[in-house]
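Number of protein chains: 2
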Amino acid sequence: MASERTGQPDISENLGMDWGLLRSCVGTSVRLLRNELTNRIIDAYAPFMLRSGALSTMVLIKANPGCSQAELAREVAMDDSAMVAIIDELEERGLAVRSRSATDRRRNSLALTPEGETLMGEMIACAMRVEKPIRDAMSEEELATLIALLRRAYAAVTDGPR
Amino acid sequence: MASERTGQPDISENLGMDWGLLRSCVGTSVRLLRNELTNRIIDAYAPFMLRSGALSTMVLIKANPGCSQAELAREVAMDDSAMVAIIDELEERGLAVRSRSATDRRRNSLALTPEGETLMGEMIACAMRVEKPIRDAMSEEELATLIALLRRAYAAVTDGPR
DNA sequence: TATTGTTATACTCTATAACTATA
DNA sequence: TATAGTTATAGAGTATAACAATA
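So the protein sequences, as listed, match chains A and B.
Throughout the first sequence, residue numbering follows my numbering, covering 1 to 162 in sequence.
Throughout the second sequence, residue numbering follows my numbering, covering 163 to 324 in sequence.
Calculated from the structure, these hints are not laboratory results.
Incorrect hints may have been included.
[Said to hold, decoys possible] List time: in silico SDA-like cross-link candidates among lysine to any residue, alpha-carbon distance up to 20 Å:
| no. | chain 1 | residue 1 | chain 2 | residue 2 |
| --- | --- | --- | --- | --- |
| 1 | A | K132 | B | P323 |
| 2 | A | K62 | B | W181 |
| 3 | B | K224 | B | S214 |
| 4 | A | K62 | B | E253 |
| 5 | A | K132 | B | L184 |
| 6 | B | K294 | B | A306 |
| 7 | B | K294 | A | K62 |
| 8 | B | K224 | A | C25 |
| 9 | B | K224 | B | A235 |
| 10 | A | K62 | B | L183 |
| 11 | B | K224 | B | E253 |
| 12 | A | K62 | A | V84 |
| 13 | A | K62 | A | R107 |
| 14 | A | K132 | B | C187 |
| 15 | A | K132 | A | Y45 |
| 16 | A | K132 | A | D43 |
| 17 | A | K132 | A | E142 |
| 18 | A | K62 | B | R185 |
| 19 | B | K294 | A | R23 |
| 20 | A | K132 | A | I42 |
| 21 | A | K62 | A | R74 |
| 22 | A | K62 | A | E122 |
| 23 | B | K294 | A | S24 |
| 24 | B | K294 | A | G160 |
| 25 | B | K224 | A | G16 |
Turn these sequences into a full structure, and let the hints steer you where they fit.
In structure tokens, the structure reads:
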């Protein structure tokens, strides 16, 4: 399937059919990869009984202790209401705790429990296993380029008119 | 927001919070971009009253006349049953036609009507408008690199064990 | 036995609107 | 008035299982 090539990009490789005018379309490639990763992540996380957004949430809480739900939601670009469900789940499982901020009693200050940190480590190992084929298929620099271009594309679209 | 930078990739730019161990995670970046594009595509396609998969389908039919639904579904990595709904919609609208293959009477030979080709052109213009910010934000070569890396990542994940 | 198309169904992620309590 | 959290609900995309017709 020629996936060992690392030279100049050949957009039309790996396609069984003629993709016509969609050959240089970003949306299609993004959708394909995202679906495949999502499916595998859901399978990989199944033993943990947590939805796919739980890991990102835990990692962000761990790296930014005391953050609020709204801050988390903004950061991962999901709705506040979706974040409620995730934090509910984490709290029920004893993986995270909510505590009202003393300075602004609207906010929930979030923190990870020791159990949460442990599980986070296991889930990260899981996520890395899912993405390992990607890391194996490209160099460190290519991986960094991919992520950087994805983020630049995201910023470009988001900055534009809605 | 520093999105005008085109130099060496800085993975951690544009992030408000500390992303901790998720900084070099492909899945997160892919999810963010895909969601943003999906939302905008849905908005942009609203006037056409067709779901987001309809355009890819029309483009593939146009470029591969006589193809079957199963071939289309395989190509865009969706289930056969999802393709049925899309073709139903296209046929009801007079944009595509099904005809039983003479050589294999299980297959539907698909073709675009003139109306379908016209609408396809309009929808492509729409899709290009959505992706224009991306094309404006990077060079031709960077765009090609992004798509090529996405396809390589997809192939790598897909080839791996399930 | 395998494949094509089809139907019905369920699940995941995401979006929206309305409400409360704080600020 | 604006923001943080919450609830309920709806939507879009996708996956699974079963079936009939055909190979």
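Please name the hints from earlier in the document that this structure breaks, with their numbers sorted from lowest to highest. Result: hints 4, 7 break, sorted rising.
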